[in-house]
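From first to last, the protein sequence lines stand for chains G and D.
Quick note: the first sequence uses the working numbering, first residue 22, plus one each step.
Quick note: the second sequence uses the working numbering, first residue 22, plus one each step.
Among these hints, one or two may not hold up.
Identical copies go unnamed one by one, so any copy, or any two together, can satisfy a pair.
[Stated by the list, open to error] The calculated EDC-like cross-link candidates involving lysine to aspartate or glutamate, where the alpha carbons are at most 20 angstroms apart (straight line), are: (1) Lys282 x Glu368; (2) Lys173 x Asp52; (3) Lys173 x Glu62; (4) Lys29 x Glu62; (5) Lys92 x Glu81; (6) Lys282 x Asp52.
Rather than coming from a laboratory, the hints here were simulated on the basis of the structure.
Chain by chain, the residues run as shown.
Number of protein chains: 2
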Amino acid sequence: MSERRPLKVALLGCGSVGSEVARIMTANAADLAARIGAPVELAGVAVRRAGVARPGIPDELITTDATALVKRGDLDVVIELIGGVEPARTLITTAFEHGAGVVTGNKALLAEDGTSLHAAAARHGVDLYYEAAVAGAIPLVRPLRESLAGDKVNRVLGILNGTTNFILDRMETSGAGYAEALEEATALGYAEADPTADVEGYDAAAKAAILAGIAFHTRVRLDDVHRQGITEITAADMASAARIGCTVKLLAICERTPDGKSVTARVHPAMIPLTHPLASVREAYNAVFVEASAAGQLMFYGPGAGGAPTASAVLGDLVAVARHRLSGASGPGESAYAQLPVAPPDEVVTRYHISLDVADRAGVLAHVAAVFAEHDVSIDTVRQQGKDGEASLVVVTHRATDAALAATVEALRQLETVRGVASTMRVEGE
Amino acid sequence: MSERRPLKVALLGCGSVGSEVARIMTANAADLAARIGAPVELAGVAVRRAGVARPGIPDELITTDATALVKRGDLDVVIELIGGVEPARTLITTAFEHGAGVVTGNKALLAEDGTSLHAAAARHGVDLYYEAAVAGAIPLVRPLRESLAGDKVNRVLGILNGTTNFILDRMETSGAGYAEALEEATALGYAEADPTADVEGYDAAAKAAILAGIAFHTRVRLDDVHRQGITEITAADMASAARIGCTVKLLAICERTPDGKSVTARVHPAMIPLTHPLASVREAYNAVFVEASAAGQLMFYGPGAGGAPTASAVLGDLVAVARHRLSGASGPGESAYAQLPVAPPDEVVTRYHISLDVADRAGVLAHVAAVFAEHDVSIDTVRQQGKDGEASLVVVTHRATDAALAATVEALRQLETVRGVASTMRVEGE
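Please work from the sequences and hints to get the whole structure.
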């Protein structure tokens with residue numbers, strides 16, 4: 022096969038992932054050629070700033086004009102690693118118009134506008150691959166899109182953001198507060214200078230939207246995902262979780278509603294039992310459970326971010342798209358035929374952990390218990406702690422809807438004996 | 022797309038997996054049609070014995086003449102679930118000759134003769150897919166063949182046989198001996214009446230051969246896999262493992278040798294630390310670690326066998342092969358370009374746990390330690406237990422080669438103070 026013409030690949034973005042992609046393309050050139058059936062040639066690298074040393078990338082390949090690069094017309098594959106909605110969207114659609122397949126790791130763009138990207142790819146008969154957009158090196162998009170294509174996925178539950186997992190892991194193991202753990206994550210390079218996208222759950226929510234869309238063959242956008250970050254998690258919450266044999270994780274949960282007529286997608290902190298496999302996912306690792314009707318429960322685990330792991334996912338997609346170029350085929354496009362509505366999580370049924378500051382006097386528990394009973398929220402356990410006229414009550418409920426719990430909490434706030442609701446958190450994974 | 026002609030599918034074998042495949046093809050017909058882009062039609066089911074009730078499968082589809090079925094000439098996909106080498110091999114190649122793609126779960130045949138099957142598929146321009154051959158529902162073949170196609174896999178380590186894992190799990194948790202645990206596994210349907218293929222490691226070795234071949238782009242056959250079963254594991258071994266914070270698992274380990282010039286593949290019982298994720302793989306579940314240069318360490322976990330989970334893998338492949346039929350494409354074929362030699366495991370370096378029956382008198386430890394030293398096998402820990410003139414010595418070594426350990430054990434047997442070598446076992450996963 023060595024006589025075949027080289028496939029031309031352009032790289033948009035040359036940060037930690039892009040530079041690894043370029044490095045591996047050079048270092049593993051012979052292997053890639055053998056696996057694809059033709060050599061791949063790096064035809065151009067678009068960067069924001071010229072004049073920066075890019076070890077291993079010849080100067081003449083570097084350009085700051087990404088638009089001109091994708092318009093060359095002789096490209097086989099464009100690898101988009103710029104991130105964000107624009108100019109990435111325009112560059113990708115321009116690449117399609119000029120006949121190139123695209124490999125991207127752009128979760129924000131896919132969660133915002135995946136449908137129009139898929140439509141553009143289909144219109145031009147080229148591939149759109151995006152394994153790197155979700156959970157770094159962990160094969161998740163391909164297993165959901167292809168391996169489970171004959172099954173019915175009912176639930177996707179996992180840890181999809183490494184930064185927040187690192188912070189929560191530190192809070193759990195060292196007893197640190199949120200601010201202190203964030204500081205450590207920033208110092209070690211796990212959190213960006215502006216950590217908003219991670220700690221407020223936007224990053225995990227974008228990934229959840231992508232996974233839910235594939236899993237349920239339905240269009241799910243970032244706005245459809247109920248989202249709550251970890252900024253309000255306290256050392257007290259973590260200690261409280263430990264007392265009931267749990268830890269706190271930022272979970273992404275996409276599932277069919279019990280009637281099967283709609284789906285929900287949510288990202289929020291939750292307490293999970295220490296015996297649950299997700300509880301032992303440490304540092305910046307990711308792990309995802311997929312539950313399907315025939316397959317049962319599958320788990321995928323690995324590094325969820327980082328230059329080299331994400332580059333591995335990009336290169337796997339590059340091989341697939343390149344093979345398709347040679348054979349004239351294309352991979353699966355968007356599958357959204359099911360068109361299920363995305364419901365708000367009000368009707369999601371979980372257990373709850375509620376921490377109340379109450380007056381330390383007789384009868385408080387009776388008042389509180391009465392409020393739960395009035396709202397049909399059944400109590401599993403209550404723990405009282407009191408000193409100096411102040412006391413706390415920690416209630417763990419049986420399964421209840423979000424709506425019932427919200428009404429209960431609202432009523433508790435009205436009680437004269439309740440000084441405040443310190444925290445409410447879902448308990449998952451049981 | 023609904024006006025497209027139905028794709029015709031024949032099923033060879035209608036046992037626990039085949040009947041689930043047929044059931045799901047009917048129950049999920051609309052979903053499968055939407056995902057493939059055309060309906061799939063069950064065109065025939067070959068069975069060994071006619072006259073058995075097959076709920077959900079119309080009588081007129083049943084035949085005992087599998088050869089005539091695959092020679093029909095109008096089939097798009099043949100699903101082979103008979104198992105074993107013949108007649109499966111002839112039926113699959115006949116299917117290829119008549120233009121059909123094949124989905125199979127036949128690990129024995131692939132490990133014996135995968136190369137000639139792949140060559141036959143390539144010759145006729147049709148697909149050979151086999152996700153179901155390894156680890157049931159767990160996507161493993163596709164991630165290795167496609168997701169990691171741009172990376173360099175260095176090691177595959179895992180639990181690939183559910184029957185032996187169930188037996189070892191029972192021995193660990195209940196303290197039962199091998200025979201008793203096997204009896205329980207048989208009663209519960211986890212072990213077959215003749216459990217040889219499972220307990221002697223043949224099943225895991227066939228899967229290891231398949232995975233090693235894909236991972237290292239090299240031909241690996243069943244005979245290349247060093248194989249040792251679990252029949253000699255005793256309750257004493259399990260107790261001994263527990264004393265050093267370990268449990269015993271039947272592991273499949275495929276890896277590159279340190280010089281990168283060859284690969285090894287082996288299946289044998291090994292002690293692994295209780296803190297290792299594989300130690301908590303219970304009952305008949307499977308789990309596999311894949312280590313790749315860029316991706317780092319990935320883990321895949323799920324049900325490794327069973328009718329429905331294996332059917333999920335078969336149907337995922339069916340969707341892929343069916344999509345290819347519509348687009349005129351075909352998936353990746355055999356990739357064996359690396360042609361690395363498969364080395365025997367003599368040079369594999371691991372720690373060892375050795376249990377000796379020795380005379381209970383002064384100086385024994387000195388004699389034993391001298392033998393280890395003579396063979397350059399460094400001792401990590403020694404534990405002595407003695408009573409009534411009999412004693413045992415349990416030695417855990419630092420990392421040593423299989424060859425060095427074998428020579429040491431041979432020399433120990435010659436010592437007058439050593440009554441016998443009760444067991445030797447590798448210690449992995451550290």
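Here is how each hint holds up against the structure:
no. : hint            : result
1   : Lys282 x Glu368 : within (13 angstroms within a copy, 58 angstroms between copies)
2   : Lys173 x Asp52  : between (36 angstroms within a copy, 9 angstroms between copies)
3   : Lys173 x Glu62  : between (40 angstroms within a copy, 19 angstroms between copies)
4   : Lys29 x Glu62   : within (5 angstroms within a copy, 41 angstroms between copies)
5   : Lys92 x Glu81   : within (17 angstroms within a copy, 58 angstroms between copies)
6   : Lys282 x Asp52  : between (47 angstroms within a copy, 15 angstroms between copies)
When held up to the earlier numbered hints, the structure conflicts with none and fits them all.
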